[in-house]
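*Asks:* What follows is each chain in one-letter form.
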Amino acid sequence: MYKMKRLLTICLCFMMVVLLAACGNQTNETETNSPEEIEFWYSLGGKSGKIIEGMVEDFNKSQDEIVVKATYQGDYYANHAKVLSALASGTQPDVTMIEIASIGTFAENGALEDLGPYADGKSGLDLNEFIPGLMGNSYWKDTLYAIPFNRSTPLLYVNKDMLSNANLDPAGPKTWDELREYARKLTKNGEVYGFSTPIDIWFYEALVFENGGKILTDDGTKPAFNSQKGIEPVVFWKDMIEEGVMRMPPGEKYNAWDVAVQDFINQKVAMIFTSTGSLNNLISQARFEVGTAFLPAKKEYGVPTGGTNLVILSKSSADEKKAAWEFIKYMTDKDQTINWSKGTGYMPVKVSAVNSEEMKKLYEEKPQFKVAIDQLEYAKPRPMVPGYKELQEIIMTEIQRAVIDDNVSVQEALDNAAKKAEKLLK
Amino acid sequence: MKKILYVLDKLALILLALIFVFPFVWMVSTSFKSLQEVLIFPPKWIPDKLMFQNFVKAWSSGPFVTYFINSVLVSVSILALQFATMVPAAYAFARYKFKGYKLVFGITIAALMIPPQITFLPVYLQMSAWSALKTHIPLIIPFGASAFGIFLLRQSFMQVPDEIIEAAKLDDASEWKIMWNIMVPMARPVFITFGLFSFIYHWNDYFWPLVMTNSEAIRTLPIGIAMLKDAEGGINWNIVMAGNMILVAPILLVFFFARRQIIKAFVYSGIK
Numbered sequence: 001m002y003k004m005k006r007l008l009t010i011c012l013c014f015m016m017v018v019l020l021a022a023c024g025n026q027t028n029e030t031e032t033n034s035p036e037e038i039e040f041w042y043s044l045g046g047k048s049g050k051i052i053e054g055m056v057e058d059f060n061k062s063q064d065e066i067v068v069k070a071t072y073q074g075d076y077y078a079n080h081a082k083v084l085s086a087l088a089s090g091t092q093p094d095v096t097m098i099e100i101a102s103i104g105t106f107a108e109n110g111a112l113e114d115l116g117p118y119a120d121g122k123s124g125l126d127l128n129e130f131i132p133g134l135m136g137n138s139y140w141k142d143t144l145y146a147i148p149f150n151r152s153t154p155l156l157y158v159n160k161d162m163l164s165n166a167n168l169d170p171a172g173p174k175t176w177d178e179l180r181e182y183a184r185k186l187t188k189n190g191e192v193y194g195f196s197t198p199i200d201i202w203f204y205e206a207l208v209f210e211n212g213g214k215i216l217t218d219d220g221t222k223p224a225f226n227s228q229k230g231i232e233p234v235v236f237w238k239d240m241i242e243e244g245v246m247r248m249p250p251g252e253k254y255n256a257w258d259v260a261v262q263d264f265i266n267q268k269v270a271m272i273f274t275s276t277g278s279l280n281n282l283i284s285q286a287r288f289e290v291g292t293a294f295l296p297a298k299k300e301y302g303v304p305t306g307g308t309n310l311v312i313l314s315k316s317s318a319d320e321k322k323a324a325w326e327f328i329k330y331m332t333d334k335d336q337t338i339n340w341s342k343g344t345g346y347m348p349v350k351v352s353a354v355n356s357e358e359m360k361k362l363y364e365e366k367p368q369f370k371v372a373i374d375q376l377e378y379a380k381p382r383p384m385v386p387g388y389k390e391l392q393e394i395i396m397t398e399i400q401r402a403v404i405d406d407n408v409s410v411q412e413a414l415d416n417a418a419k420k421a422e423k424l425l426k
Numbered sequence: 001m002k003k004i005l006y007v008l009d010k011l012a013l014i015l016l017a018l019i020f021v022f023p024f025v026w027m028v029s030t031s032f033k034s035l036q037e038v039l040i041f042p043p044k045w046i047p048d049k050l051m052f053q054n055f056v057k058a059w060s061s062g063p064f065v066t067y068f069i070n071s072v073l074v075s076v077s078i079l080a081l082q083f084a085t086m087v088p089a090a091y092a093f094a095r096y097k098f099k100g101y102k103l104v105f106g107i108t109i110a111a112l113m114i115p116p117q118i119t120f121l122p123v124y125l126q127m128s129a130w131s132a133l134k135t136h137i138p139l140i141i142p143f144g145a146s147a148f149g150i151f152l153l154r155q156s157f158m159q160v161p162d163e164i165i166e167a168a169k170l171d172d173a174s175e176w177k178i179m180w181n182i183m184v185p186m187a188r189p190v191f192i193t194f195g196l197f198s199f200i201y202h203w204n205d206y207f208w209p210l211v212m213t214n215s216e217a218i219r220t221l222p223i224g225i226a227m228l229k230d231a232e233g234g235i236n237w238n239i240v241m242a243g244n245m246i247l248v249a250p251i252l253l254v255f256f257f258a259r260r261q262i263i264k265a266f267v268y269s270g271i272k
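Chains as they are written, first to last, in the numbering used here: chain A, 1 to 426; chain B, 1 to 272.
Okay, chain A solo, but in the shape it has when bound (with noise of 0.2 Å):
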């Protein structure tokens, strides 16, 4: 009886002296003069965000006017919800990674930093040193709003010895029907399959893309992908999983495409879609040879570009936003570039990081690195109207709706996101 009391009584005690120590945590932070401290969120995690942790800790080393406060926000979505709320709130931080659908979303609201002025002014940026492919989701409106950072093309993964085992081109299929034909050719019913991806929207928009087809019209305004050209990506996709040589991972969102992998690192499937972020993890992981090529081609080749750009945030202070460009400008730095893009596989941003000896020197021991580059001239910037982020959304679940379910028609599913489409966009 008393035992219960005490514990009570020991119990609020100590939960007083944990909020009082809260309260104090809070006053004793003092704002110091100098240096500049700025807030920087990113979304990677494991070994890439391990390495931004560095550049971070690199670029605080290498001057002491600046020091940058990096906090990891989840994933891609969950950053993107928290800097909505953090805006609400105005606790936002000065500079962040958004992902390139989004960035439009951000600057039709108000919330990002026009970057002209700074690219243009004393402590400039030469815009043409990054390389043209990348900054097609920079501009919203013909304002220069973000910087390239951490970006990517989806990539056709083969397991080489697979292929060449099954007397196939190790360098993998050109074309659509190529593909079919390789993921027939290697599937092994019930133990192998030829060929998986996530049914995720980014491998949709590519083979929309390379059908030479839109998601939406010119202007933004309207769905444009329940055309025969967004039908047939779909219908592809459905038909190979009806036929039993393609696997759709299941899972949502990220888990899909870690099950892609895994099962692409466990020689389950010997062909995947997935992003030149997941290179040096891959090859690393995988006790085979591992092969990247082009998307293949239906018309034309085509992809989208992904992964993020760095933005500053507009209802930061003045003096806040010229640290937060000091910084992009170190992140995007040509030797940071390269740094990144080693220890990752994404794509260094800026054209003398390609020509570098560092990266040719790469290109030539892990020919692999350079597919993602080479097939820029070929990608196109992600929609990015405001409401892309739920439009993307409301496709996905229709496209992954009409490959499950044998009763929907993938023209039905479609035109249901159509429908929802043209509301959002409005």
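A portion of the hints provided could be inaccurate.
The calculated lysine-lysine pairs, modelled on BS3-like cross-linking and capped at a C-alpha distance of 30 Å, are [as the list claims (entries may be wrong)]:
id, chain 1, residue 1, chain 2, residue 2
1, B, K57, A, K47
2, A, K50, B, K134
3, B, K134, A, K315
4, A, K61, B, K57
5, B, K44, A, K160
6, A, K47, B, K44
7, A, K268, B, K49
8, B, K57, A, K366
9, B, K134, A, K329
10, A, K268, B, K57
11, A, K253, A, K69
12, A, K188, B, K44
13, B, K134, A, K321
14, B, K134, A, K47
15, B, K134, A, K61
16, A, K69, B, K134
17, B, K44, A, K268
18, A, K50, B, K49
19, A, K47, B, K49
20, A, K253, B, K44
21, A, K299, A, K160
22, A, K361, A, K160
23, A, K342, B, K57
24, A, K268, A, K253
25, B, K57, A, K50
26, B, K57, A, K69
27, A, K253, B, K57
28, A, K253, A, K214
29, A, K322, B, K134
Hints are computed from structural coordinates only; laboratory data are not their basis.
With chain A's structure known, arrange chain B on it following the hints.
*Replies:* Below, chain B alone, put in the same frame as chain A:
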């Protein structure tokens, strides 16, 4: 016949146990494997070489001491606050019929149905207005009262026979004394059960600490573990699972020590 039934019964139990134990065994096994062994299929249950380094790697991948202290601090503080608020509330709901009783109780029960994903934005804005975002307050205060706990405790308070309370009243016991010295000890198993639920929920919570905190200094273990994963695939599962082992170890300890109480809590419901 009886024997056959007995064997079948035990077999079914073993099978059921295996189903529940399987993921756990997989986690333990994976956490000790080398990266190459993780990927072997069908899985190898006992690794060739026990990789204790995995735990070191997971632990040293971030400020895990801080995460750990924060996790303990947050979970225990929440529990303490919840106990402090639910006892008087449950007592009032169990023993009194006051004006507006139905409405207040209805609101309390309705609170059970609101997921944190809905309340997080207003709470976030409120916490920001108090400039409390860099403290532990947003992780603790919003969970200071538990509708589930109040409901559970009310039910058990209602089971306490009126005679006991009448007798206490004859002895001149105050309401306060009746509540703490008579009711609370009788409902002990309920406290333990609820405490476990609450502790495990907040110990494992990922969403709330992620959205409410912007600095490493106040973050909890699940966020640290999630950071072991790479967004676009190629995850080092052995390290992630070692991290998960670190995460569940305290819960296992709590279970181990509370084992008898848990069984009692289930038995208790049969006694009136």
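*Asks:* Each hint needs a verdict: does it hold in this structure or not?
*Replies:* The hints, checked one at a time:
1. B/K57 x A/K47: holds (12 Å)
2. A/K50 x B/K134: Holds, at about 23 Å.
3. B/K134 x A/K315: Between B/K134 and A/K315 the Cα gap is close to 19 Å, so the pair holds against 30 Å.
4. A/K61 x B/K57: Satisfied, since the Cα-Cα distance of roughly 25 Å is no more than 30 Å.
5. B/K44 x A/K160: Given pair B/K44, A/K160 holds - Cα atoms ~26 Å apart, limit 30 Å.
6. A/K47 x B/K44: Distance ~26 Å between A/K47 and B/K44 Cα, so the pair holds.
7. A/K268 x B/K49: Holds: A/K268 and B/K49 sit about 25 Å apart, inside 30 Å.
8. B/K57 x A/K366: holds (28 Å)
9. B/K134 x A/K329: holds (29 Å)
10. A/K268 x B/K57: Roughly 29 Å between the alpha carbons, so the hint for A/K268 and B/K57 holds.
11. A/K253 x A/K69: holds (29 Å)
12. A/K188 x B/K44: holds (23 Å)
13. B/K134 x A/K321: holds (22 Å)
14. B/K134 x A/K47: Distance of about 27 Å is within 30 Å: holds.
15. B/K134 x A/K61: Since the Cα atoms of B/K134 and A/K61 sit roughly 25 Å apart, the hinted pair holds (cutoff 30 Å).
16. A/K69 x B/K134: Distance ~13 Å between A/K69 and B/K134 Cα, so the pair holds.
17. B/K44 x A/K268: This hinted pair holds, its Cα atoms lying about 17 Å apart.
18. A/K50 x B/K49: Cα-Cα ~27 Å, so holds.
19. A/K47 x B/K49: holds (24 Å)
20. A/K253 x B/K44: Distance of about 28 Å is within 30 Å: holds.
21. A/K299 x A/K160: holds (25 Å)
22. A/K361 x A/K160: holds (22 Å)
23. A/K342 x B/K57: holds (22 Å)
24. A/K268 x A/K253: Status holds; Cα separation ~20 Å.
25. B/K57 x A/K50: holds (12 Å)
26. B/K57 x A/K69: Within the cut-off at roughly 23 Å; holds.
27. A/K253 x B/K57: holds (27 Å)
28. A/K253 x A/K214: holds (22 Å)
29. A/K322 x B/K134: holds (24 Å)
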